[in-house]
Structures are given as structure tokens and as C-alpha cells.
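Asks: Next come the chains, spelled out residue by residue.
Protein chains: 2
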Amino acid sequence: MARLQKSIDKRTALLKSTLGLINEGGVQQACMSKVAKMANVSPATIYLYFENKQDLVNQLFNETRELFSQTAFKGYDQSMPVKKSFRAIWYNIAEFRLKHNEEASFLAQCESTPIVEEDRCKKDLHHLKPLVDLWLRGQREGIIKEIEPYLLYAYTIYPMSFVLNKENRKVEPDFLEAAFNAAWDAIKR
Amino acid sequence: MARLQKSIDKRTALLKSTLGLINEGGVQQACMSKVAKMANVSPATIYLYFENKQDLVNQLFNETRELFSQTAFKGYDQSMPVKKSFRAIWYNIAEFRLKHNEEASFLAQCESTPIVEEDRCKKDLHHLKPLVDLWLRGQREGIIKEIEPYLLYAYTIYPMSFVLNKENRKVEPDFLEAAFNAAWDAIKR
DNA sequence: CCTTTAAAAGTGAACGCTCATTCACTTTTA
DNA sequence: TAAAAGTGAATGAGCGTTCACTTTTAAAGG
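These protein sequence lines are chains C and P, in that order. Quick note on numbering: my numbering labels position 19 of the first sequence as 19, and the sequence is numbered without any gaps. Quick note on numbering: my numbering labels position 158 of the second sequence as 158, and the sequence is numbered without any gaps.
There may be inaccurate statements among the hints.
In this list, chains with the same sequence are indistinguishable; a pair is considered to hold if it fits within one copy or across any two.
Within a straight-line C-alpha distance of at most 25 Å, the following computed BS3-like cross-link-like pairs (lysine-lysine) qualify [unchecked claim]:
#1 37 / 145
#2 170 / 129
#3 145 / 170
#4 170 / 123
#5 84 / 145
#6 53 / 10
#7 99 / 123
#8 34 / 145
#9 10 / 83
#10 34 / 129
#11 145 / 83
#12 188 / 37
#13 10 / 123
#14 6 / 37
#15 170 / 6
#16 34 / 53
Because the hints were derived from the structure by calculation, they are not lab data.
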């Protein structure tokens with residue numbers, strides 16, 4: 001049991017190290033020896049937990065995006081009105097960008113770079129299904145513009161990865177509210 | 001004269017090869033030997049035109065962004081009303097994304113990846129100064145929301161790199177107009 | 001409770017490969 | 001004909017990955 005926990009911790013440390021190194025200098029800077037050193041293990045140990053480097057990066061991507069989705073829909077209640085729901089999800093995602101800074105910029109890097117293999121559904125919105133459904137409901141209710149979810153995403157969620165970045169100054173509540181209003185105005189009817 | 005032209009052509013071919021390779025598989029896939037082969041020169045020849053790989057990538061970035069700025073403000077007339085000017089610039093940028101597909105996705109990659117050295121002004125809007133000035137004028141006229149240029153950019157220009165991508169289906173005029181309307185609605189008062 | 005023991009986990013050094021860069025040399029230019 | 005441009009092969013560093021080996025683990029036996 002303690003043994004299992006140690007194993008999990010080591011795996012987590014390896015993922016964390018990879019995350020940090022990729023954020024600092026891209027994939028080529030995250031070499032196996034550095035990842036190993038940062039996680040206080042031998043390079044060979046990495047191969048007990050991951051098939052190879054690509055597998056390491058893929059798993060990091062999958063788990064990071066899973067964390068993203070979970071945060072996005074934390075406490076989401078479908079019975080609320082469209083705008084209120086949208087606001088809740090939008091702020092959840094903002095919270096993710098702010099609290100999990102490294103994870104967020106890693107995901108942003110994956111979106112515009114061939115780091116991760118999964119090309120097929122890289123650009124679809126599968127991981128945001130409940131949000132897409134919410135938009136469709138909003139469209140049926142005549143609240144939201146009749147444009148593709150793709151566009152709705154581009155003008156509400158996508159900008160956050162630009163706006164909420166670490167090199168940014170402190171993010172005031174006013175700033176966040178202004179950003180949310182811009183997002184809502186972009187897609188409301 | 002013919003000699004000078006040949007020199008320029010060779011340099012251009014090298015930049016073009018680098019662009020293509022980086023887009024295909026990231027910086028690590030754009031190795032000097034491949035760049036050389038694709039441009040029909042010897043690897044050693046690259047070093048007649050560029051100091052090293054980083055210099056090659058930096059120059060590619062600078063010149064690509066220069067092309068971007070020039071396209072953005074092509075035929076820009078400051079005396080026109082704010083919305084009309086904004087529309088013209090927005091469509092210019094859309095044209096850039098569509099016509100110079102490779103250049104556009106390279107720039108997008110640079111924005112979220114530590115490919116290029118120039119960290120200082122990576123995230124500022126220096127290369128879009130006339131647009132920022134236009135926004136300020138719009139704010140004075142009470143047409144545009146009183147929020148930072150940073151945010152205005154995030155909700156009007158930044159989304160385009162997501163929306164207008166090569167793996168996207170054909171871009172109809174209607175689609176483009178819908179995207180523009182979303183952008184304008186996001187920032188108009 | 002302590003010792004045994006075999007499997008599991010972990011290791012540092014080494015291998016083979018690829019890459020950026022250089023160099024001695026050849027070709028082109030005017 | 002000498003300077004400029006271009007070259008293919010060589011160099012050395014760094015990478016991902018493997019391997020022979022050591023250490024740790026925890027259940028079994030006394």
C-alpha cells in the first residue's frame with residue numbers, strides 16, 4: 001500500500017517535471033535525463049512508468065486535459081438558465097487558467113504545436129461536450145447566435161489562454177468580469 | 001546582379017523550407033540537414049546566410065511577422081470611421097490567415113511556444129500599433145468598450161488563429177462575416 | 001519476531017543514433 | 001586569377017533507450 005503510493009507519487013513527479021520543462025523550453029528541452037533528474041530518479045526509471053518519451057507526453061496531455069474538463073464542469077447544474085450556466089463554466093475555466101497555470105499553458109502549447117500525437121480530435125470540442133450542449137440549448141431558446149460551436153468556442157473560451165497568462169500582472173475581479181462580458185457579448189443574440 | 005538575386009533566392013528558399021518543416025513537426029523536426037535538402041543546398045551553405053539555427057528561426061519569425069503587419073494595414077486609411085477601419089483591418093488579417101496559411105500557423109506556434117528568443121515583446125502589441133491607436137480613438141468616441149487593448153486583441157484578432165486553420169473546411173463569406181460580427185460585438189459599447 | 005528469499009523496483013553506464021556546426025576543399029563568379 | 005560562394009564529409013555533443021546489475025520489498029518459514 002505504501003509501496004503503491006510511492007509508485008503513484010513517482011509517476012506524478014515525472015509528469016510534473018515534464019510539464020515544467022516543456023513549459024520552460026518546449027519539447028526538445030524536456031529531455032529524459034533532465035526529467036529524471038528533476039524527479040530525483042534515474043533515466044531508466046522513467047521506462048518503468050512510460051513506454052517512451054512520446055507516451056510520457058501523451059499521457060501528460062490526456063491527464064492534463066482531463067483535469068481541465070473536470071474543473072470546467074465542477075458543480076455544473078444543467079437546470080440553471082443558459083447565461084447563468086455559461087457564466088459558471090466560464091469562471092471555472094478562468095479558475096483553471098489561474099490556479100493551474102503550468103497545466104494551462106501546456107495545453108495551449110499543445111493546441112498550436114504537433115507535440116502530441118492525437119491529431120484526430122485535437123481540434124474538436126469533445127472534452128467540452130456539456131458546454132456545447134448548453135450552447136445548443138441557448139440557440140433553441142433564441143439567446144445565443146446561430147453559429148457553429150467552433151466559433152462560439154473561439155470567441156469565449158479560446159481567448160482566455162491569451163488573456164490569463166503568467167507573465168500577466170495580477171488579475172483583478174474587474175478585469176475578469178470585463179473579459180466575461182466581452183465573451184458573452186460576442187455570442188449573445 | 002544575377003548573382004545578388006540568386007543569393008536572395010537561396011536565402012528565401014531556406015526560410016521557406018524552415019517554415020514548412022516547423023509547421024509539419026515542430027522545431028525539432030526542422031533539422032539543418034532537412035532544411036538544406038529541401039532548399040537544394042548543402043547544410044554548410046545555411047551558415048553563409050545565418051549565424052546558426054536560432055538565428056535562422058529568429059529571422060524567419062521577424063520577417064513573417066513583418067509580412068503579417070504589412071498585410072494587416074494594407075490600404076489602411078485613418079480618416080475612415082472607426083468601425084469601417086476596424087472591419088478593413090480585420091478582413092486584411094483574415095486574408096493573411098487564409099492566403100498565407102503556413103506563415104499564419106507558424107506565428108500561432110510562436111505565440112504559445114518558446115521557439116523564438118524575443119521574449120520581451122512577444123506578447124505585446126507593438127506590431128499592431130495602428131490598430132491599437134484605432135481602438136483608442138474608438139474609446140474616445142464612445143464606440144468601443146473601455147477595456148485594455150490586450151483584451152480587445154484577445155477577443156477580436158486572437159480567435160482568428162483558431163477559427164481560420166488549414167484543417168478547417170472551406171471558409172464561406174457567411175462564415176467570415178459571422179466571425180467578424182462576433183468580434184465586433186465583443187468589443188463594441 | 002527474526003531470517004530467508006525471490007520477485008519487483010530502481011539504477012548508472014553504455015549504445016547507437018541524430019543533430020548542429022566546422023573544415024578542408026572545389027566550383028563559380030566577374 | 002583571386003576572391004566569393006558552395007560543398008560533402010567529419011566532429012563532437014546530446015539525445016532516447018537499453019542492459020547488466022543492485023537495492024528494496026513483503027510474504028513465507030522457522
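Asks: Against each hint, give a clear statement of whether it holds in the structure.
Replies: Each hint, compared with the structure:
no. : hint      : verdict
1   : 37 / 145  : neither (51 Å within a copy, 49 Å between copies)
2   : 170 / 129 : between (31 Å within a copy, 24 Å between copies)
3   : 145 / 170 : between (32 Å within a copy, 21 Å between copies)
4   : 170 / 123 : between (30 Å within a copy, 16 Å between copies)
5   : 84 / 145  : both (17 Å within a copy, 22 Å between copies)
6   : 53 / 10   : within (16 Å within a copy, 36 Å between copies)
7   : 99 / 123  : both (24 Å within a copy, 21 Å between copies)
8   : 34 / 145  : neither (48 Å within a copy, 47 Å between copies)
9   : 10 / 83   : neither (42 Å within a copy, 56 Å between copies)
10  : 34 / 129  : neither (37 Å within a copy, 41 Å between copies)
11  : 145 / 83  : both (13 Å within a copy, 21 Å between copies)
12  : 188 / 37  : neither (50 Å within a copy, 51 Å between copies)
13  : 10 / 123  : neither (31 Å within a copy, 35 Å between copies)
14  : 6 / 37    : within (17 Å within a copy, 48 Å between copies)
15  : 170 / 6   : neither (36 Å within a copy, 51 Å between copies)
16  : 34 / 53   : both (12 Å within a copy, 22 Å between copies)
Hints 1, 8, 9, 10, 12, 13 and 15 from the earlier list are contradicted by this structure; the remaining hints agree with it.
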